[in-house]
Amino acid sequence: MKMVTVIIQPKRLDSVREGLSEIGVTGITATEVKGFGRQKGHTELYRGAEFVVEFLPKVKLEIAITDEQVERVIETIIACCKVNGGAIGDGKIFVSSLEQVTRIRTGETGPEAV
Amino acid sequence: MKMVTVIIQPKRLDSVREGLSEIGVTGITATEVKGFGRQKGHTELYRGAEFVVEFLPKVKLEIAITDEQVERVIETIIACCKVNGGAIGDGKIFVSSLEQVTRIRTGETGPEAV
Amino acid sequence: MKMVTVIIQPKRLDSVREGLSEIGVTGITATEVKGFGRQKGHTELYRGAEFVVEFLPKVKLEIAITDEQVERVIETIIACCKVNGGAIGDGKIFVSSLEQVTRIRTGETGPEAV
Amino acid sequence: MENQILELQYALDTFYFLVMGALVMWMAAGFSMLEAGLVRSKNTAEILTKNIGLFAIACTMYMVYGYDLMYGGGLLLDGISGEGETYSNAADFYFQVVFVATAMSIVSGAVAERMKLFSFFVFAAIFTTIIYPMEGLWTWGGASVFGIYSLGDDFGFLDFAGSGIVHMAGAAAALAGVLILGPRKGKYDKDGNSKPMLGANLPLATLGTFILWMGWFGFNGGSVLAMASKESADAVAMVFLNTNAAAAGGVIAALLLAKAWFGKADLTMALNGALAGLVAITAGPDTPSALVATLIGAVGGLIVVFSIVILDRKLRIDDPVGAISVHGVVGLWGLLAVPLTNSSASFVGQLVGAGTIFVWVFGTSLLLWLGLKAAMGIRVSEEEEEDGVDLTECGLEAYPEFVTK
Amino acid sequence: MENQILELQYALDTFYFLVMGALVMWMAAGFSMLEAGLVRSKNTAEILTKNIGLFAIACTMYMVYGYDLMYGGGLLLDGISGEGETYSNAADFYFQVVFVATAMSIVSGAVAERMKLFSFFVFAAIFTTIIYPMEGLWTWGGASVFGIYSLGDDFGFLDFAGSGIVHMAGAAAALAGVLILGPRKGKYDKDGNSKPMLGANLPLATLGTFILWMGWFGFNGGSVLAMASKESADAVAMVFLNTNAAAAGGVIAALLLAKAWFGKADLTMALNGALAGLVAITAGPDTPSALVATLIGAVGGLIVVFSIVILDRKLRIDDPVGAISVHGVVGLWGLLAVPLTNSSASFVGQLVGAGTIFVWVFGTSLLLWLGLKAAMGIRVSEEEEEDGVDLTECGLEAYPEFVTK
Amino acid sequence: MENQILELQYALDTFYFLVMGALVMWMAAGFSMLEAGLVRSKNTAEILTKNIGLFAIACTMYMVYGYDLMYGGGLLLDGISGEGETYSNAADFYFQVVFVATAMSIVSGAVAERMKLFSFFVFAAIFTTIIYPMEGLWTWGGASVFGIYSLGDDFGFLDFAGSGIVHMAGAAAALAGVLILGPRKGKYDKDGNSKPMLGANLPLATLGTFILWMGWFGFNGGSVLAMASKESADAVAMVFLNTNAAAAGGVIAALLLAKAWFGKADLTMALNGALAGLVAITAGPDTPSALVATLIGAVGGLIVVFSIVILDRKLRIDDPVGAISVHGVVGLWGLLAVPLTNSSASFVGQLVGAGTIFVWVFGTSLLLWLGLKAAMGIRVSEEEEEDGVDLTECGLEAYPEFVTK
Ligand SMILES: Nc1ncnc2c1ncn2[C@@H]1O[C@H](COP(=O)(O)OP(=O)(O)O)[C@@H](O)[C@H]1O
Ligand SMILES: Nc1ncnc2c1ncn2[C@@H]1O[C@H](COP(=O)(O)OP(=O)(O)O)[C@@H](O)[C@H]1O
Ligand SMILES: Nc1ncnc2c1ncn2[C@@H]1O[C@H](COP(=O)(O)OP(=O)(O)O)[C@@H](O)[C@H]1O
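Residue numbers (our numbering), protein chains in the order written: chain A, 1 to 114; chain B, 115 to 228; chain C, 229 to 342; chain D, 343 to 747; chain E, 748 to 1152; chain F, 1153 to 1557.
Chain A on its own, in the form it takes in the complex (with noise of 0.2 angstroms):
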């Protein structure tokens, strides 16, 4: 199994969930955050002193799926974050090893837990 975490535009939160449902990915966990990478933060103004507010706030995914499904799943994910030809602050996507998943309603374990 793989853990797979996303971070992506906000804005985009809604069709990257639609998208992995008809997929059949049936549990995400989302979190807000705070994003640093290439893109560039935003300047504010205060009582006529501007700054730099270097985070962006983004909205990190993670979603728990079977060793079959990455490929699919990282396509999903990329078929709808990059809509017009991909832009800075896109998102990146990181898998990693999941040794074990338990759901602790039935305390089934392995891929039928996902």
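Don't read these hints as lab results, they were simulated from the structure.
Here are the computed lysine to any residue pairs in the SDA-like style, where the Cα-Cα straight-line distance is at most 25 angstroms:
hint : chain 1 : residue 1 : chain 2 : residue 2
1    : C       : Lys310    : C       : Ile251
2    : C       : Lys310    : F       : Glu1535
3    : C       : Lys239    : A       : Gly41
4    : B       : Lys154    : A       : Gly110
5    : A       : Lys11     : E       : Lys932
6    : E       : Lys934    : E       : Leu1062
7    : D       : Lys601    : F       : Leu1520
8    : F       : Lys1342   : A       : His42
9    : C       : Lys310    : F       : Gly1338
10   : C       : Lys239    : F       : Leu1333
11   : D       : Lys601    : D       : Val634
12   : A       : Lys11     : E       : Pro930
13   : F       : Lys1339   : E       : Glu1148
14   : D       : Lys537    : D       : Ile652
15   : C       : Lys239    : C       : Ser249
16   : C       : Lys268    : B       : Ala227
17   : E       : Lys1006   : E       : Arg1063
Following the hints, position chains B, C, D, E and F with the ligands against chain A.
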């Protein structure tokens, strides 16, 4: 060493924390997350229009432990979260491998840093 | 590739970000978390009743890097966070292995996507 | 010309009533903000709905029958016209109706975070139609208590602007409700220890307190019932002065006590201190000097701190906003303080009055709460309570965008 | 002595105007809070800036020319001095100027979350200098409509405090703006389904509603235009009473309808119900009895619930705060309700008046919006809208510390 | 009948004082909300406690001795009764006491986020008992400055409602405090660059500004000190009109300057512009025409933008809410603007008055701050500052549920 990541109902936070303390877990990191799983979201109303909130508020706990602790920790979490025979939304446990842990204060690494 | 996860005091965020930038880290994802560790929570008051807030506000940084960078990154984090000889609550560093990284914008994968 | 002067007096008195009434109406906003700030965010939209709803119900039901019961005026106000004797009847009704709404607002805070909204509305409708007007009839209305004894004639009971008639009455109804509802889920652990449940937005609670403080000038100042003569003008001015002084005294006393007792300047106690000072002076803002008014308020500020702690931790009466302490316990103190500066009142008379009001309001409210419990239920389910009554009762969230702990 | 009496009357009337005016000024805060609570947090600072800015512009431009156009008084008020006939001219201006600001506030809510701030300010400047004063001239100013017909003399048009002249006029300008601006990005999906965009801070919206409710006593009460006689005092008192009753009726009706229709006590509908009740009674708060006023308000509360749903879901007119329904649709109802209790008015006359105001304000506003669109653009870019107009227009965030979803 | 007329005048004047006083009292809520909105969330509960506490202390200490020092009236007000000559003495005290609280509120904002709460309260007690009443005695009280010169008789110093006596005085005390306290931790980096520290809740700050705007009608309008004659009624009306016009001018000027200078419509500058317009007109709201009042306010709006930037970035005076600029720098402008429209005042006289007030208040405050620093410390520890003074001083959080960055 292992990293145990659990998604639970926010209302179980206190009992899980207490349960884990009792079996000797000394560190936990908790994050507010939104979960999308088998449990359906709830319906809200705004100015006469209904809509479904898909992502439900959940708490994610990250618990770094030694390999020997894994089993006890999982059992404890299940005991604390599956209260009435188990219900959809009770949560999920993910275990992955941890290569290295460092305590910043002392520079210790490995199991004693957990 | 490795994923370095660090829990730090919120007030150290700026200096860690600067320190990591200087050694060539180009991407960081930050999350607000609540930490429960050796550091005791603080006491609050409400309508005459005292209570202990167990979970303290912390910031979690996730930093994907190449294997070679690991040592420098850990050193830098320690240098930025352990300011007065080290105090409880300074934080903890977790390193795990990363199987794959994909930059959504370009589709690049592997170390150059980090 | 004589006539013109009379008209001017009439106009000034009417205007005064309207301005004071607008200030009291403003207290509805004060209660809403205070309570919205002191509940948890998941119960905020519901308490806002409750507050604006109860104000509307109070205004309507008091028009339908309550005012007629208390002062005459006819069902549906059909006996009321603009015209009055020394000021407009309409202005009088306008001023009186905001009082009944105030009494009702007190209840809403105490039963917060666990009560069914529409059961509360039914309670509000009956309270403002009968329960409050009845005791109002015995006091300000001048009638005897079921023909048995007269609070005014027999006991010289004095309650200038309603420490007892409005505030303690509201608290009595609240107490009955809280006893039947029980504490919020999780408020007391198995050992009976009280767990703090933090108000989500203290700036809002502070704003509410300031609004109430301001509105109270109308509440007490308007209760002089006349402005257009030197004597009444002086009386109104003294009432304003003393109302302000008592509130200030309440804040200072509560803050100092909190600092001494808990080691910190607990803001929630400062807010309750201000309100306690205001409640305390309400029974007799006309007779004390400014210094004595400050002291009466200060004693109120001390009482409220003790009372909140005792109710919460010893008696385990779960009152999320402290309404029973502020309006009930301190309201009683206000009544008892009247004889200190006003020789027309006696302790005995004040106690009889307080007792009469309490027994009537607490008793009838208890029956009504029990009836509602049997008929439609008064408490939301455990799960609904856990999710917050905003979702169950209103279907929406007060702060849908902000992540809450 | 005769003279002293006259002076006293003069003083009391002037004082009354000033107090009523201060209450109406307070409505500016009410609109700000209402709108700031009903937009998403990323557009909050901008709507606050918009509201305080438009109030300042309205006060200034109405002084420069609008008041002169509507009532005389001279460019830059050079013909105005403190002195007046039965009350101070300055007090009259002060009272009138807060009305024009109210009309303008209505527009700001409807075009929220997508409009360029400075284009809005230019609109506000022209609206308050010419568009509003012109229709004001035909109604309260008494002049004939382009010399063709007189609303008052020919049609007996009656609009006591401005259901039409102020509220429906503001809504007409808003409607023109919304039609040209189009809905917010993402408000309707491809199939035309409306997506709710939740207001970020409902306690703020509730506070705004209470402020408006309070301010409305000044709005309607001051429109009697005199206080210092028995007759006028009675009239003002009735107006206060009825204004309050109608608001209460609006709340109750909207809440019950929402509960019946949607199954929940939708707070946003309760708030809109209160405002609808107030708008409904504004055209004629002087003639109904309290009961009838409650009913007029209650009908307003029903209308507003239907209207919001229809505009939003059927007509796809995207009005984030519901201003067009509350002030426009219900404003029309208010005008049409006048003949029910006031025999001097007729349905025909009221319709002609409503039509005249609507055609003028909607027409000129449409032209003005189109002109502004051509000249400087009226809508922010898609990306700016997505990021929120706070950042684009004001460069700052309203709640910079709170994590938002 | 003559007598009845006198009584009516008396009653109207008293009523007028009370209404104006209630409006000024409301400013306490305005300052609280403004400051609570402009600090970071971790310092919000403390500034709320500070504001309600200082208001209570000011009301009490001014009663104990301050009023007696400034106008006579006796220690503990023992010489005060309701009765007065042309209006109630109690009303006069009520009106005056809210002024001293206003002066004190100005200080609280400037020293926010780093000061010990109880040291501040001690300062407040002494400031309102002696420092403010003393300069009040020399100006409104009419006494000579230590027997040396008389501001009124010798210099014709004019300060209608207190641009200098209240606002600049408050700012002088604030400046002394800020100089001794030093900037907030992290406000300036090693190179002296100013780091913005964002106010957590701008809707609250906007609400505070609107409250102050409304309350200011009482502040300036009440300072005519009479209502019950044609002349005074006209004067009050002009004061209302001009107060509103100046605030509007301040908003517009500040917004346009911000847009031109920073490229964005900085909301915080619009709010400061409104307050600057109000402060600017306060020294002489009775003599200008509406147009000139708008301009005086507009100049205030320009000054405040420059002043805030200069104090923050060049002089490195860390004033979290901009109180020194708004009330001090613009207060001076207000004093100097008086001779432009009022021939009884002279620039020299105004400068002498401003100088006298500043030297006295700044000097005594400096000593007092230094004394407090030595006696009990005035600044919280670095760690406490980092954690926020809410936890250290009040033991609670203002928004305990919301996750903050
Ligand atoms: N090496 C990294 N480690 C952790 N998070 C990263 C890393 N690189 C990027 N991110 C996250 O991904 C988000 C998008 O990154 P960005 O640099 O804008 O992507 P790109 O360069 O592919 O356009 C960042 O805001 C950050 O949250
Ligand atoms: N495959 C998954 N990947 C990531 N998170 C998941 C996954 N499955 C479940 N979750 C998280 O766990 C929470 C509980 O899941 P749910 O489907 O209700 O569990 P169950 O089906 O075991 O009752 C979800 O809200 C989501 O946050
Ligand atoms: N075993 C662990 N698993 C997960 N998070 C941990 C663990 N230990 C510590 N943490 C996180 O690190 C933070 C700092 O831990 P703390 O115990 O204060 O460190 P130390 O003991 O090194 O001083 C905690 O607040 C918690 O968020």
